[in-house]
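Using the sequences provided together with the hints, build the complete structure.
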Amino acid sequence: MTSEIQKNLVEKNAEYARTFDQGDLALPPAKHYLVVTCMDARVDPAAAFGISLGDAHVIRNAGASAKDAQRSIIISQQLLGTREILLVKHTGCGMLTFTNDDAHALVKQNLGPTAAAELGPLDFLPFAEVEAAVEEDVGFLKRSATVPEDVKISGWVYEVETGRVRQVV
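Going left to right, the sequence shown walks through residues 1 to 169 as our numbering numbers them.
Derived by calculation from the structure, the hints in this document are not laboratory data.
All figures in this text were calculated on a predicted structure; none of them were measured in a lab.
The beta carbon of each residue, even a glycine, is placed where N, CA and C say it ideally should be.
Quick list of the computed label-pair ranges, beta carbon to beta carbon:
1) 160 to 103: 13 to 23 Å
2) 21 to 120: 43 to 53 Å
3) 100 to 60: 13 to 23 Å
4) 128 to 1: 34 to 44 Å
5) 105 to 146: 31 to 41 Å
6) 7 to 139: 38 to 48 Å
7) 31 to 115: 37 to 47 Å
8) 54 to 102: 31 to 41 Å
9) 163 to 115: 31 to 41 Å
10) 121 to 24: 38 to 48 Å
11) 75 to 100: 19 to 29 Å
Here's what the structure looks like:
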C-alpha cells in the first residue's frame with residue numbers, strides 16, 4: 001500500500017520534473033567544495049548557504065559528524081575534485097540531548113537485545129556543546145591523512161532560531 005508520504009513524493013517530483021532543465025550539469029561540483037551538515041529538518045543547506053544545483057556536495061548526517069561523513073568526503077575529494085570543506089553544525093541539535101549509553105539503552109528497549117548486540121559498541125557521536133564539537137570535527141579533518149593538507153577546512157554554527165551562520169574556526 002502506498003503511503004501519503006510516497007504519494008507526495010511522486011506528485012512533487014512530477015511538478016519538479018515538468019520544468020527541470022538542468023540535466024546537463026557535470027558530475028563534479030562546479031564550485032569544488034563540500035558541506036557537511038546535519039540531517040535536521042530545520043536546516044535547508046541550499047537555501048541557507050546559497051548552494052545552487054550542481055555547485056557543491058552536501059553530506060548530511062546526524063550531528064554533522066565529520067567522522068560519519070569520512071567515506072563521502074574521500075569520494076568527493078578523490079574522485080570528484082572538491083578542494084574545500086565547510087562543516088556546519090547547528091543550535092538546538094538533537095545530538096546534544098543524549099549520551100551513547102542513552103542511545104544503546106533505547107535501542108535495546110525498543111528493538112530488543114538482538115538489535116543491541118548487532119550494534120556492538122557503536123559510537124552514536126553525541127556531543128555536549130556545539131562550538132566545541134565544531135572545533136573537534138574540524139581538528140579531526142585537519143589531522144586526517146584522508147584529507148589532503150591543501151584542502152581548506154572551516155567550521156560553522158547555523159542558528160535555527162535566526163537563520164544566521166557564524167564561523168567558529
